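Q: All chains, full assembly: derive it from the sequences and hints.
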Amino acid sequence: MSAHALVRALVAPDTVAALDEAGWTGLLTAARAERLLGTLAMRLDARAAPAGVAALLSDAIEGAEAERRAALWEAEMARRALAPIGVAPILLKGTAFAAAGSTAARGRAIGDLDILVPRAALAAVEAALIGAGWEPVKTDPYDDAYYRRWMHELPPLIHAERDRLIDVHHSILPPTARPRPDAAALCAEAVPLGQGLWALAPADRIVHAAAHLLADGDLSGGLRNLWDIDRLVREQGVAALRDQARRHGLLGPVRQALRLAHRLYETPCPDWAGRFNGFDALVRRRLLVRDGWGRQRHAATRFGFYLRSHALRMPPPLLARHLAIKALPPRWRPAR
Amino acid sequence: MRHQHAITVGPVRFRIGADWAAPIAALRALYAGYPDEERVPDCTVRLTAPRPWRRLVRPAVTISGDYWLPDTVPLPLAQGLVAAEMGMNLQVALGWRRHLLLHAAALERDGRVLLLAGASGSGKSTLAALLMLAGWRFLGDEFALVGREDGCIHPFPRPASLKNAAIAVVRAAGGVIAAEIPGTPKGRIGYVRPPAAALARMAEPAPPALLLLPRFGAAEAVAAVPPSEAFVRLTQASTNYVALGEAGFVALTRLIAAVPVCAIDYPDSAAALRLVERLWAEARR
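Heads up: the sequence lines are chains U and H, in that order. Note that our numbering gives residue 313 to position 313 of the first sequence, counting from 1, and the numbers run on in steps of one. Converting from the second sequence to our numbering requires adding 1000 to each position, the first position being numbered 1.
It is worth saying that the hints were derived from the structure and are not from the lab. In this text, all values refer to a predicted model and were calculated from it rather than measured experimentally. Any given hint might turn out to be false.
According to the in silico footprint, chain U covers these stretches of chain H (three or more CB under 8 Å from chain U) [to be verified]:
{"id": "1", "stretch": "1006 to 1020"}
{"id": "2", "stretch": "1039 to 1053"}
{"id": "3", "stretch": "1232 to 1246"}
Below are the DMTMM-like pairs computed for lysine to aspartate or glutamate, each with C-alpha atoms no more than 20 Å apart in a straight line [to be verified]:
{"id": "4", "chain 1": "U", "residue 1": "K326", "chain 2": "H", "residue 2": "D1071"}
{"id": "5", "chain 1": "H", "residue 1": "K1186", "chain 2": "H", "residue 2": "D1071"}
{"id": "6", "chain 1": "U", "residue 1": "K138", "chain 2": "H", "residue 2": "D1071"}
{"id": "7", "chain 1": "H", "residue 1": "K1163", "chain 2": "H", "residue 2": "E1180"}
{"id": "8", "chain 1": "U", "residue 1": "K326", "chain 2": "U", "residue 2": "D216"}
{"id": "9", "chain 1": "U", "residue 1": "K326", "chain 2": "U", "residue 2": "D291"}
Some residues of chain U that are not near chain H, with every Cβ distance over 10 Å (derived) [stated by the list, open to error]:
{"id": "10", "residue": "W24"}
{"id": "11", "residue": "D45"}
{"id": "12", "residue": "G252"}
{"id": "13", "residue": "D271"}
{"id": "14", "residue": "N277"}
Even glycine gets a Cβ: it sits at the ideal position worked out from N, Cα and C.
A: Given below as structure tokens:
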């Protein structure tokens, strides 16, 4: 299982010395598939790698550096677009780690720009972004209405010239999910990073990563998410984490994320995270599905988590309605 | 993957895996004689069924790998070779960083390289195949690899891919079509294998001497293209110019500064070959 090899190489980079050609191939393919190749390349000593591999690793480092630069530029573009309406965007995830100089950003792939803004400012933010050249991605009226009514973010926007997506969040979980994070507190306690950029308070960054990993998605890309958590925990400790997690109704996901990070990445783990249990083992299995060709195995496990991700996002009647409408061809879907 | 094959073309080592034997067998035949080496592959291509039963019932090939594009339509299994070629193109276009990539054909004579850049349908592949038959060394008809350090064009000699009427044109000029696949999204596709000499020298780069922007189907005309316009057109003809950032800018400006650039319109291949010979002679003076 190549995802195991990836986790092992991230935790103990020296162990790659024992890899043969097939081992390297599987490791690099899984790392690419999990979007962790740049991270892996920064962890490894390229000198210990065979010649062809060293070139691939250096490509990955260069690519990650280009992504970091582009991500910070995109953040600056958003800052400029929102400055006239007096909104300072709070950066989330990869861009926030890069702007904060966190070790989680070392080699990290960064795709879309994710920002958090106060809910009351949403309409003004959307108008300002559209005025500055962003345009809607979703053309289906049902999808658009669905985002606006049920999601914790606006329908995604893409910049017409730079071709970069922005996700504008007003919270870190959908309003239909059971945990109710205090979005106003997340905004109020955000910290400045300099040059007009802001990020969540350090503990809240871990809370958000755990919410994103375990209370929202179907766990695809989870190894990278968990690696973020590992880096953040090692960097800043867990001092305020328990109280913040409880305050946002996310103590369960945060505890589970810590248990998983400890089991996979040997992350230091406080006692209050509890003991690794049977469900944790199932999540771990879901996280490690990649084979040496970058394919996802364990279709049943993945499907189970896909259903679960939807069930966590919304109550059953709403979910049933949503899935039924999504099964229709677009022209038969209601607009709302 | 159940069936697999590894191929080295120039600096790139591919690993292609498939659910079926047929596309892999077709690849082995098309790439027979390419050098083999034990090396960790740079690019992985996967040819898989969109659903498990589609391996057998109305078999269809989905293209993926290290990189993929959303919403790609699967091809029927009979077009598995085309899917493999598209998959290899996709991995290079989206993932390769060691050279600046131009969507261009490249041929070498007397130690210098002629570049033919143009959109699909401009006739560059046909022209490249004809020049190859006329004795030019074939460096590739899909991607020209511009060295970031040396500014040279590095060979990437995949089989030349011809479409529709071009197949008969190249055949009439004495070319051998190694594989022919009808009914693809781009019509009938034929592949021409590079001669053994091109494969034997595929690690040998050469400096560029002339860049032509061919356009098939118009009255014969030649127009010098100013560097500023050539630059903009080539940024659009590059799949990794943006990803490379400053390195891409440096490589492209150096290329533009090093070679004359001409747009050529031509009504038929005889006129095109005549134009190329004339402009090549002028460029070498």
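Q: The structure should be examined with respect to each hint, and the outcome stated for every one.
A: Hints, verified against the model:
Interface restraint, the stretch 1006 to 1020 of chain H with chain U: holds (3 residues with C-beta to C-beta distance below 8 Å; minimum three). Closer than 8 Å: that is the beta-carbon criterion, and the stretch 1039 to 1053 of chain H has 7 residues meeting it against chain U, so the requirement of 3 holds. Counting residues of the stretch 1232 to 1246 of chain H whose beta-carbon sits less than 8 Å from any beta-carbon of chain U gives 3, enough to reach three: the coverage restraint holds. This hinted pair checks out: U:K326 and H:D1071 have alpha carbons roughly 17 Å apart, not beyond 20 Å.
With a CA separation close to 17 Å, the supplied pair H:K1186 and H:D1071 stays within the 20 Å bound. Taken as a hint, the U:K138 and H:D1071 pair is honoured in the structure, with Cα atoms around 15 Å apart against an allowance of 20 Å. Straight-line distance between C-alpha atoms of H:K1163 and H:E1180 comes to about 10 Å, which keeps the hinted pair within the 20 Å bound. For the suggested pair U:K326 and U:D216, the alpha carbons sit about 19 Å apart, so the restraint of at most 20 Å is met.
Restraint check for U:K326 and U:D291: the C-alpha separation of about 31 Å exceeds 20 Å, so the hint is violated. Annotated as non-interface, U:W24 brings its C-beta within 10 Å of a C-beta of chain H; the closest such distance is 5 Å. Listed as a non-interface residue, U:D45 keeps its Cβ farther than 10 Å from every Cβ of chain H; the least gap is roughly 16 Å. No Cβ of chain H comes within 10 Å of the Cβ of U:G252; the nearest lies about 33 Å off, and the non-interface call holds.
At roughly 41 Å from the closest C-beta of chain H, the C-beta of U:D271 stays outside 10 Å, upholding its exclusion from the interface. The non-interface label for U:N277 is consistent with chain H: the shortest C-beta to C-beta separation is roughly 32 Å, beyond 10 Å.
Checked against the numbered hints given earlier, the structure breaks hints 9 and 10 and satisfies all the rest.
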